[in-house]
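Chemist: Residue numbers (this note's numbering), protein chains in the order written: chain A, 589 to 798; chain B, 589 to 798; chain C, 589 to 798.
Hints may contain errors.
[Claimed, not checked] With a cut-off of at most 20 Å between alpha-carbon atoms, the simulated EDC-like pairs for lysine to aspartate or glutamate come out as follows:
#1 B:K618 / A:E741
#2 C:K618 / B:E741
#3 C:K618 / B:E733
#4 B:K618 / B:D728
#5 C:K740 / A:E619
#6 A:K618 / C:D728
#7 A:K618 / A:E733
#8 A:K618 / C:E733
#9 B:K618 / A:D728
#10 B:K740 / B:D785
#11 C:K618 / B:D728
#12 A:K618 / C:E741
#13 B:K618 / A:E733
#14 A:K701 / B:E654
#15 C:K701 / C:E654
#16 B:K618 / B:E733
#17 A:K618 / A:D728
#18 A:K740 / B:E619
#19 B:K740 / B:D687
#20 B:K673 / B:E619
#21 B:K740 / C:E619
#22 B:K701 / C:E741
#23 C:K701 / A:E764
Keep in mind that the hints were calculated from the coordinates and are not lab data.
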Amino acid sequence: MHLLADLLVWFAYVGTAVFAISGALLGLRKEMDIIGVSFVATLTGIGGGTIRDLLLGDAPVGWVREPIELIICVVFAVAVSFFNKALVGRRMTWLLYADAIGMALFAVLGAAKAETLGAHPFVAVLFGAMSATFGGIIRDIICNETPVIFQKEIYVSAALLGAFVFIATPATLGFEVRALLGLGAGLVLRLCAIWFDWRMPFPRYADPRS
Amino acid sequence: MHLLADLLVWFAYVGTAVFAISGALLGLRKEMDIIGVSFVATLTGIGGGTIRDLLLGDAPVGWVREPIELIICVVFAVAVSFFNKALVGRRMTWLLYADAIGMALFAVLGAAKAETLGAHPFVAVLFGAMSATFGGIIRDIICNETPVIFQKEIYVSAALLGAFVFIATPATLGFEVRALLGLGAGLVLRLCAIWFDWRMPFPRYADPRS
Amino acid sequence: MHLLADLLVWFAYVGTAVFAISGALLGLRKEMDIIGVSFVATLTGIGGGTIRDLLLGDAPVGWVREPIELIICVVFAVAVSFFNKALVGRRMTWLLYADAIGMALFAVLGAAKAETLGAHPFVAVLFGAMSATFGGIIRDIICNETPVIFQKEIYVSAALLGAFVFIATPATLGFEVRALLGLGAGLVLRLCAIWFDWRMPFPRYADPRS
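Given only the sequences and the hints, what does the whole structure look like? Please build it.
Modeler: Next up, the structure:
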């Protein structure tokens, strides 16, 4: 139990770093300077968790006193900026997988935090998905890209599934089992979406104004 | 008094539902999948009240523990998605009227909540307008539409008037009278704007850079 | 000490007014009506400090009970709207200098407030920069302009420098000395950027996807 809890904290740092890298890479593509790149990387890395904490009434948010995640974001933003030339032309599919892990992890951790702070189970599932996806949504809105939530990609759905499995698993099974099941469910769905190009099964809508 | 208070709670649910529907319809027009549609519907339905509560220091926000509004938003988003085909080509002018009622209602309820939590009267009026309009502003910014506040439409002004009349009416007249006067003022101004195509009376500005 | 503290409060009002004017002018250029202009002016004037206070857990935010800054924003928005014609064709370089003063001032005041509320020094520097620049960033995102943080302009960097100098100066020297040093550092860097057209010294990045 303690081992897993410690492991999750480290995984959360990895997730933050991965999100920060994805933000930094998008900032670089938009030709920002190092300040802009760090700004986008930081918002992507900590945006989801920060909005979750504000809504849950958990302010001052954690990184105000222990800015580890903040420092992770800035360090990776600077590193990505400096090694940018070495990254040119790389496919960086590993980033896609790292992002999937970060997403599944944040979904479980976000749902767990909301549950701990007394949120309704339905809300805890949403807060898990929020932790996992809002950073990327903010990144895309700021950078004028179409957020993943507005495409038919299975990303938010995978976060919702992971958070749902965590919350739906009986508390009697212990945090370990719940977290592993939630993580697994979110990750597997996301990986299927990546490998088999799964899309949301919904039909195209007719445009009500056309 | 109790009857009206109960009635207002139900009206607020109706207002939330109407806002959620307007968000869902815009999401569908933007060809989002059901997750995106639910996301936009929810932000539209509860965005204004949530930002108001955060600024007033009323966190965790209400729907974290009692997610009735949240569920209303998701249910209507899913319903609109499924019945979308049946809605094609409809003019849906009823939505315009329902939206006017929701707007006037939220303006009064928002001002009342801010007043209760100790806000300055001037701020309470602004918070009424905020409750009534921020959901729609968020919806439009996310969906890349021009928010109503940036057009010369009489919408925010109607919300401001409703909240102002509520706050300006002496407390000795009781909540009932104040709420009805505020509701009426906001609604009438908005309906006039719809029926007679009233616009903000301000002249066009000269462009200071042209 | 008391004199300086009083002076800083007045300077902060001046800074708020300058930010509000810059927001109002942008709103006018976007052909907004007076409500939209006031909205943008207010978000620009108080946006940075409000987000800072929410993250620091200092809610209800200050202007809910003492809406002086809010009133300043609205008054200047209305004034700019009415005197808009008289402003046509003016170069308004004074606005650039007033904005530089407001920026340096908010950087110091924001860092000081975060420090007082127990933030980590690294975070206090970021919060100084946030107070100084988020209002303008919100203004530009809402008005569909490219935020200054995404250009290679030395603006956020100057705010960071001012906040850093304030925080790095030993507390034993007293608030007065720290504030003057921070103010001076931020202002001088910004003025150099304006006069000598200094840019961020970073080379253009290669596009990782091209």
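Chemist: For K701 (chain A) and E654 (chain B), compute the direct alpha-carbon distance and say whether it is at most 20 Å.
Modeler: holds (17 Å)
Chemist: Keeping to a limit of 20 Å between CA atoms, is the pair of K701 (chain C) and E764 (chain A) held or broken?
Modeler: Answer violated: K701 (chain C) to E764 (chain A) is near 40 Å, above 20 Å.
Chemist: Is K618 (chain C) within 20 Å of D728 (chain B), Cα to Cα?
Modeler: Measuring from Cα to Cα gives roughly 16 Å; hence the hint holds.
Chemist: Between K673 (chain B) and E619 (chain B), is the straight-line Cα distance small enough, at 20 Å or below?
Modeler: holds (13 Å)
Chemist: Measure nothing beyond the straight line between the CA atoms of K740 (chain A) and E619 (chain B); if it is 20 Å or shorter, mark the hint as holding.
Modeler: Roughly 9 Å between the alpha carbons, so the hint for K740 (chain A) and E619 (chain B) holds.
Chemist: Take a quick look at whether K618 (chain C) and E741 (chain B) sit within 20 Å of each other, Cα to Cα.
Modeler: holds (15 Å)
Chemist: Does K618 (chain B) pair with E741 (chain A) here, judged by a C-alpha cut-off of 20 Å?
Modeler: With a Cα-Cα distance of about 15 Å, the restraint between K618 (chain B) and E741 (chain A) holds, given a limit of 20 Å.
Chemist: Does the structure keep K618 (chain A) and E733 (chain C) at a Cα separation of 20 Å or less?
Modeler: Measuring from Cα to Cα gives roughly 14 Å; hence the hint holds.
Chemist: Quick one, are K618 (chain B) and D728 (chain B) close enough, alpha carbons at most 20 Å?
Modeler: With a Cα-Cα distance of about 11 Å, the restraint between K618 (chain B) and D728 (chain B) holds, given a limit of 20 Å.
Chemist: Does K740 (chain C) pair with E619 (chain A) here, judged by a C-alpha cut-off of 20 Å?
Modeler: The hint holds at about 9 Å.
Chemist: Tell me if the straight-line CA distance from K618 (chain B) to E733 (chain A) falls inside 20 Å.
Modeler: holds (14 Å)
Chemist: So if I understand the rule, the pair passes when the alpha-carbon distance is 20 Å or less; does K618 (chain A) with D728 (chain C) pass?
Modeler: Status holds; Cα separation ~16 Å.
Figure legend: structure checked against the earlier numbered hints; hints not met, in rising order: 22 and 23.
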